[in-house]
Amino acid sequence: AQSVAQPEDQVNVAEGNPLTVKCTYSVSGNPYLFWYVQYPNRGLQFLLKYITGDNLVKGSYGFEAEFNKSQTSFHLKKPSALVSDSALYFCAVREGNYGQNFVFGPGTRLSVLP
Amino acid sequence: SQTIHQWPATLVQPVGSPLSLECTVEGTSNPNLYWYRQAAGRGLQLLFYSVGIGQISSEVPQNLSASRPQDRQFILSSKKLLLSDSGFYLCAWGEMPYNEQFFGPGTRLTVL
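Quick mapping for you: the protein sequence lines, in order, are chains A and B. Using this note's numbering, you'd call the opening residue of the first sequence number 2 and step up by one each time. Using this note's numbering, you'd call the opening residue of the second sequence number 59 and step up by one each time.
Simulated from the structure, these hints should not be mistaken for lab results. Among the hints, erroneous ones may be present.
For each label pair, taking beta carbons as the anchor points, the in silico distance ranges come out as [stated by the list, open to error]:
hint	chain 1	residue 1	chain 2	residue 2	range
1	A	Tyr62	B	Asp129	31 to 41 Å
2	B	Gln113	A	Pro115	20 to 30 Å
3	B	Glu153	A	Ser29	35 to 45 Å
4	A	Pro107	B	Trp65	22 to 32 Å
5	A	Lys70	B	Ser115	23 to 33 Å
6	A	Ser85	B	His63	17 to 27 Å
C-beta atoms are modelled at their ideal positions from N, C-alpha and C, and glycine is treated no differently.
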């Protein structure tokens, strides 16, 4: 069965500093990995995905994520955080070609302090 | 381009009343459609998904049901709401096998 862990419930970072939101996963086959962001009372917005190829994936709003197969991780990063990046972030995994559905992590709340 | 609509945006209903939430997608054909519930602004629980008209799969036993009467229409229903049905309901669509899911704006349901 697929599973996703986001070990940090809350991440605080100062504006202008680099940020990392952690995600680890478990699947039987090849993982398809995704990051989403959610602002209050809104739907989830897609940020980026890893399907295959380069382990460093670049996405929207200056975010990037690094796929690490040996550590089964897919951490979200940004070189310089903005106050407007404050939101709830979800990691999700789908199991290769066989999985119809996503499994979402519990979410990490990011607060960027001015 | 593709868009996804949900309505209503907010809903307050008494316990025991019926429910109907609607989701429609534009700009794509034969999408996979999904209903999620999000409680207390946190994790998402997959309720139902559909790979085609009339094809519904339920992920958890519950007080809710789903239907897909048209290719791009997905409806979430209940005959009698419970207090525990309160939450933020999100509809999403996606294309297999590589693509991400795209989410609607959500419906905030409060059952009193």
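Checklist entry - Quick check: which numbered hints come out false for this structure? => result Per hint list: 2, 3 violated.
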